[in-house]
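**Q** Chain residues, written in single-letter form:
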Amino acid sequence: MNYFVSVEGEQFEIEVNGTELKIDGEVVDVDLAGLPGTSRRSLLLDGRSHAIAAEGRGGGVWVLDLDVGPVRVEVVDRAGLAIRELTRRVAAERGPRPLRAPMPGMVVKVEVEEGEVVGAGQAVVVVEAMKMENELSAEAEGRVKKVHVAPGEPVEKDQVLIEFGPVDDEETSDA
Amino acid sequence: MLESVLVANRGEIALRVIRACQELGVRAIAVFSDADRSAPHVLAADEAYRLGPAPASESYLRVDRILELARRSGAEAIHPGYGFLSERASFAEAVEAAGFVFVGPRSETIAAMGDKTEARRRMQEAGVPVVPGTVEPLVSGTDAVRIAEELGFPVVLKAAAGGGGKGMRVVRGKDEVERAFDAAAREASQAFGDGAIYVEKFLATPRHVEIQLLGDAAGQVVHLGERECSIQRRHQKLIEEAPSPAVDGELREAMGEAAVRAAEAVGYRGAGTVEFLLAGREFFFLEMNTRIQVEHPVTELVTGIDLVKWQIRIAGGERLDFGQADVTLRGHAIECRVTSEDPAHGFLPATGRVRSLLLPSGPGVRWDGGISTGVEIGLHYDPLLGKLIVHAEDRAGAVATMRRALRELRIEGVETCLPFHRRAMDDPDFQAGRFSIQFLEQRPDLLEGRLSSNARLAAALAAALLEHKRRDGFHPRTATGFREGSSLTAWQRSGWPWSNGG
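Here the protein sequences line up with chains X and B, keeping their order.
Position 49 of the first sequence, counting from 1, maps to 49 under this note's numbering, and the rest follow consecutively.
Position 487 of the second sequence, counting from 1, maps to 487 under this note's numbering, and the rest follow consecutively.
Looking at chain X on its own, in the form it has when it is part of the complex (with noise of 0.2 Å):
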C-alpha cells in the first residue's frame, strides 16, 4: 500500500509491504507498538529504537513529538489522496474556514467589515492575551461573511470571530 505523507511542507511517497516500509527508494524493516491508555508509540526502523507519543487530531492529521519538537504530519492513502484534492476544491467554491480564537484573550481590533473581501494570510482581527497583542489571519481568499465580534469583547480558546464565504459570494447571503 502507497502512503502520501505531507511533513511541514515536505512530500514523501512510502510504500508499506508487510513489515517493510520503502522511503526515498530506501528499504527498512518497520515494526510498530503502543502502550495501551497512552499516546505513545515504540518504532523500529531496521532495529533503530524511535520512541514517540503521536496524537491524533482526525483527518488524518497527527501530531507528533520528536526530538526537535512537535511536527505536525498529514498522511493519506492513494483514495484519501482523491478525495482530499474534492475536499479543497469544495472548500475553494465554499471559502475559507471560520476564524477561531487560538487563546483566551480579549479582542482588541476587528479590521474588516462583512462583504470585504480578504486575501490568504490578510491580518483580521487583533487578539490580546497576556499583555501581547496576536494578529489573526484568514487562511485563503475569501469573502467575510460574518463578523462576530467587536473589540472589547472577552473570547474563548475555539471560539468563532469571523465566517467567511467564496470572493464571488457578493449578492448571497446565506451558503
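Simulated from the structure, these hints should not be mistaken for laboratory data.
Each residue gets a CB set at the ideal place from its N, CA and C atoms; glycine is no exception.
Certain hints may be false.
[Said to hold, decoys possible] Listed below are several chain B residues computed to face chain X (Cβ distance under 10 Å; list not exhaustive): (1) Leu358; (2) Arg410; (3) Ile411; (4) Glu415.
[Said to hold, decoys possible] Stretch-level coverage of chain X by chain B, calculated; a stretch enters the list once three of its residues show a Cβ under 8 Å from a Cβ in chain B: (5) 139-152; (6) 158-167.
[Unchecked claim] Chain B is nowhere near these chain X residues, computed Cβ spacing over 10 Å in every case: (7) Arg88; (8) Arg97; (9) Val110; (10) Gly115; (11) Val117; (12) Gly121; (13) Val155.
With chain X fixed as given, assemble chain B onto it according to the hints.
**A** Frame of chain X, contents of chain B only:
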C-alpha cells in the same frame, strides 16, 4: 527550629520549600489561588488555604490575605520563594510587624539592594568592583575624551534616559569619541527628549557569573562558589551550571571574597546571590538578589549543601555549622529551565492541559517541578514548569547526562522549550563552554531550530500509523509486523473519516 512555615508562593519553588519543611519536621502551609486548587504544592502541603481568584494581584500578591492566613493557620514564619513578594522590602517589614518570622534578610537589606544607585554606592564603599564609568552626565565631547582615556578603550556612550540601544555608541579609539558623542546626544534627544550621555567601560562579551552566599544572624557569611548563567534570552536565564567553565580556583576565591564583603556590608542574613559580569579575569558587581534563586539546585548538587533547608534553619535562629574552609566543590551540575514557551514561535507563551508527563530518572538526575498530569497551564503566572538538573563527575559527563535526561523528559499537552535545550546540549560551542551573555543573540539557530533529518522519521511513522490502522480495521489479528497495543481507542480518537474500507 521553626514549628511551621507558610509558603507564600506557587509552582516549583513552593513545592521545593514544602519538601524542605517536611524533611526538617516543620509544618508546611500552602496558599493557593483558584487556578491552583489542585496544584502539586497544594497536594503536597500539610495544610492549604485559599488566597483568592487566579490573577496574582488578587492572590499571591495580596499581602493582607497572606498575613490573615498566616494568623489563621498559626504559622510561625513566612517563606516568600522567588518572584511575587520576595524582594519587596515592604512585605518583609509587614511580615515582621505582624509578628511572624520572614524567611530572608532584614527588610532594610532588601531595600538597600533594591535601589540600584544605592547598591552601587554601597558596593564601591565595600571595595567591590563595579563597571567603571560616570554616574553624572557628560557636558561635552572633550569631557567625553578625557574620561574615556581614563577608563581605557573601548568605552560605551549611553543615553541617561535611554534603553533599547538608542543613543548608544561603542567607541574603540580616541579619534572617534567626539563624533560619537555628538551622534549619541542627537539620537538621545530625538528618542527620549533628553540628550544627556554618560560613559562606561565597554565589556564586549562578558559572562554572567554569580556567587551564592549564606549568612546567619550572628554575622557569619560563607560563599558556596559560583554559578554560570550566561545562556539567556532577553535577560531570562535558560541554562545554568556550576562551576563556571571560565572560573578557576584563584578567580573563585577572589569573586567569593568580594561577594562576602558585599554581604557583610549590608549585614546579610539568609541565602543571597551577588551577580557579576565577568570579562576575562575582571569581574564587576551587577546586583544582589536577596532571595533564593531559580538556579539554586546546581549549587546544592556540587556543594552537597541544602540551601532551602538552611534558609529555614537560619530563620529559626540557627548558626551555620560549617565555615568557608569546609565548602568544597564536587563534580559539575547543569540546570535547564523548562518553560511553557514555544521555541518554534519566538518563545511565545503556550497554554494547555498537561496530558502526559514522563519524568527522567536514573543516576545524577533531579527534577524540581511544579506540574502534574491534568494541570492546566494558563497565562496567569510565570511560564516555568520545572527545572531539570543533572550532576556528574565533570562538565562533559554532565552534558551527556543532560542530553540523555532531555530525551526521557516528555511533556504532552503544552508546547515547551525542550527542543531548544536538546539543541543546546548538542552544540559544539556549548559543549566547549565557549559562550558569553550574547550567545543566543549570536545563535538564533539554537532558538528557532529546524526539522532536518527528522522529516523522514516523521513520515515513516505516519505511514506506519496509517498502515496499521488500515490493517487493524480489516483484519485485526493477521497483521504481521504491526503490533499496536493501544487498542482501538487510539484510532477512534484519531477520527479518521474514511476508515474501515468505507
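**Q** For each hint, tell me whether it holds in the structure or not.
**A** For each hint, the structure was consulted:
1. Leu358: Holds: closest Cβ of chain X sits about 8 Å from B/Leu358, inside 10 Å.
2. Arg410: holds, 6 Å
3. Ile411: Since the shortest Cβ distance to chain X is 9 Å, the answer is holds.
4. Glu415: Where the cut-off is 10 Å and the nearest Cβ of chain X is about 7 Å from B/Glu415, the hint holds.
5. 139-152: Since 0 is below three, the answer is violated.
6. 158-167: Violated: only 0 residues of the segment 158-167 of chain X have a Cβ under 8 Å from chain B.
7. Arg88: The claim stands: X/Arg88 keeps its Cβ more than 10 Å from every Cβ of chain B (closest is about 15 Å).
8. Arg97: holds, 16 Å
9. Val110: holds, 22 Å
10. Gly115: holds, 32 Å
11. Val117: holds, 28 Å
12. Gly121: Nearest chain B Cβ is 16 Å from X/Gly121, so the label holds.
13. Val155: holds, 14 Å
Comparing the model with each earlier hint shows violations of hints 5 and 6; every other hint is respected.
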